[in-house]
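Engineer: So you can see what is in the structure, the chains are spelled out below.
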Amino acid sequence: MKYIKQTLLFVLLFCGISIAQVTVSATAMGTFSVLGYATVTRLADLDFGALIVGVNTTVLPTDAQAAEFLFNGNVNTDVQVTITFPSDLICGSNTMKFHEISPIYNTIPDASSATQFKHTSGGSATTGADGNLYIWAGGRVMANKNQAAGQYTGIIQIVVVQP
Amino acid sequence: MKSFCIIFLLMFANSVLYCQSDLTVVKLNDISFGTDFGGREKRLDHSDVGAAKFQIQSKIETNATITIMLPSFFISADGSEKIPASFNERSAAWSTIDNVSSRTSFDPRQPLSLSLKQNQVIYVWIGGTLHPSRSQRACKYSGSITLTVHTLPRN
Chain V
1 MKYIKQTLLF VLLFCGISIA QVTVSATAMG TFSVLGYATV TRLADLDFGA LIVGVNTTVL
61 PTDAQAAEFL FNGNVNTDVQ VTITFPSDLI CGSNTMKFHE ISPIYNTIPD ASSATQFKHT
121 SGGSATTGAD GNLYIWAGGR VMANKNQAAG QYTGIIQIVV VQP
Chain E
1 MKSFCIIFLL MFANSVLYCQ SDLTVVKLND ISFGTDFGGR EKRLDHSDVG AAKFQIQSKI
61 ETNATITIML PSFFISADGS EKIPASFNER SAAWSTIDNV SSRTSFDPRQ PLSLSLKQNQ
121 VIYVWIGGTL HPSRSQRACK YSGSITLTVH TLPRN
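If you're matching them up, the sequences are chains V and E in order. Mapping of the first sequence onto this note's numbering: position 111 corresponds to residue 111, and the numbering continues sequentially without gaps. Mapping of the second sequence onto this note's numbering: position 75 corresponds to residue 75, and the numbering continues sequentially without gaps.
With the rest of the complex left out, here is chain V (with noise of 0.2 Å):
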């Protein structure tokens, strides 16, 4: 008897404090993948304006009226800059020869002091101490005299990879 009060104690008590303070937990992981911090805005369109027939429309790159870009990435990075040009400016079924002149590039938004790039299609430069690249991009169209009149158009592509 005595036995048997001494277990019923024990194990009330001991039921007791099991039965109390349970802790379970369980764990999520979490991840997140960074690229590196980079923008590319465009400035400024490239606009020819209205042509002449027959006689061939320049905008270098430094001319005001020439594409503007504005690369932000990291601060002086190596970072290779690829331009792809429209072969045609395009007014519905109609086109137009689209010439490429080598774009430039500086890491101020001044084109009158700015760097050419070696090939029309862009090359390596280096980013500034804000992490700023400006490109600028122009191009030469000659409307023929069988031209169709109207609002040619044409897509100048940028791609800028930053290691």
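Don't read these hints as lab results, they were simulated from the structure. Given the structure is predicted, the values throughout are model-derived calculations rather than measurements. Cβ atoms here follow ideal geometry from the backbone N, Cα and C, with glycine treated the same way. Check each hint, because a few of them may be wrong.
Said to hold, decoys possible - Listing some non-contacts, in silico: residues in chain V with all C-beta distances to chain E over 12 Å:
no.	residue
1	Met29
2	Thr39
3	Phe48
4	Val55
5	Asn106
6	Lys118
7	Arg140
Stated by the list, open to error - Distance ranges between label pairs, derived from CB positions:
no.	chain 1	residue 1	chain 2	residue 2	range
8	E	Ser142	V	Thr82	29 to 39 Å
9	E	Ile75	V	Leu43	37 to 47 Å
10	V	Ala64	E	Thr35	32 to 42 Å
11	V	Ala129	E	Arg137	13 to 23 Å
Dock chain E against chain V, hints included.
Structural biologist: Positioned in the frame of chain V, the structure of chain E alone reads:
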């Protein structure tokens, strides 16, 4: 004395088994902030698909305290890079049903007390915000969230 030991051992086994199976916590989803550029704050709401999700199940009626161990940083695989992580009073939510509209928001930085009914299921979702710097190295970062449920006797 022999019978005492046998009874004791039986009761010991029963009590432990009883307690372990009465309360469970299961991770249903890891937390995924996806992919983004450095320099941009990356916020994940508890209602987003990438939020962490846990399921708590209690077979007994009890009072429970939920505590969540949150990461201060997400860390790169080599441990050399860190992204600060932050949580606020609306980063987490709980509900008795697996539904967005019925959720109650709470602050995962503070313990949450709940009264669990018999055979009740509680879902907990946790979001948060990461603050990668502009110069943050491009790579994969990871962290962990641990949810712990501690039950107390119900008065």
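Engineer: Can you give the numbers of the hints that this structure goes against, from lowest to highest?
Structural biologist: 1, 2
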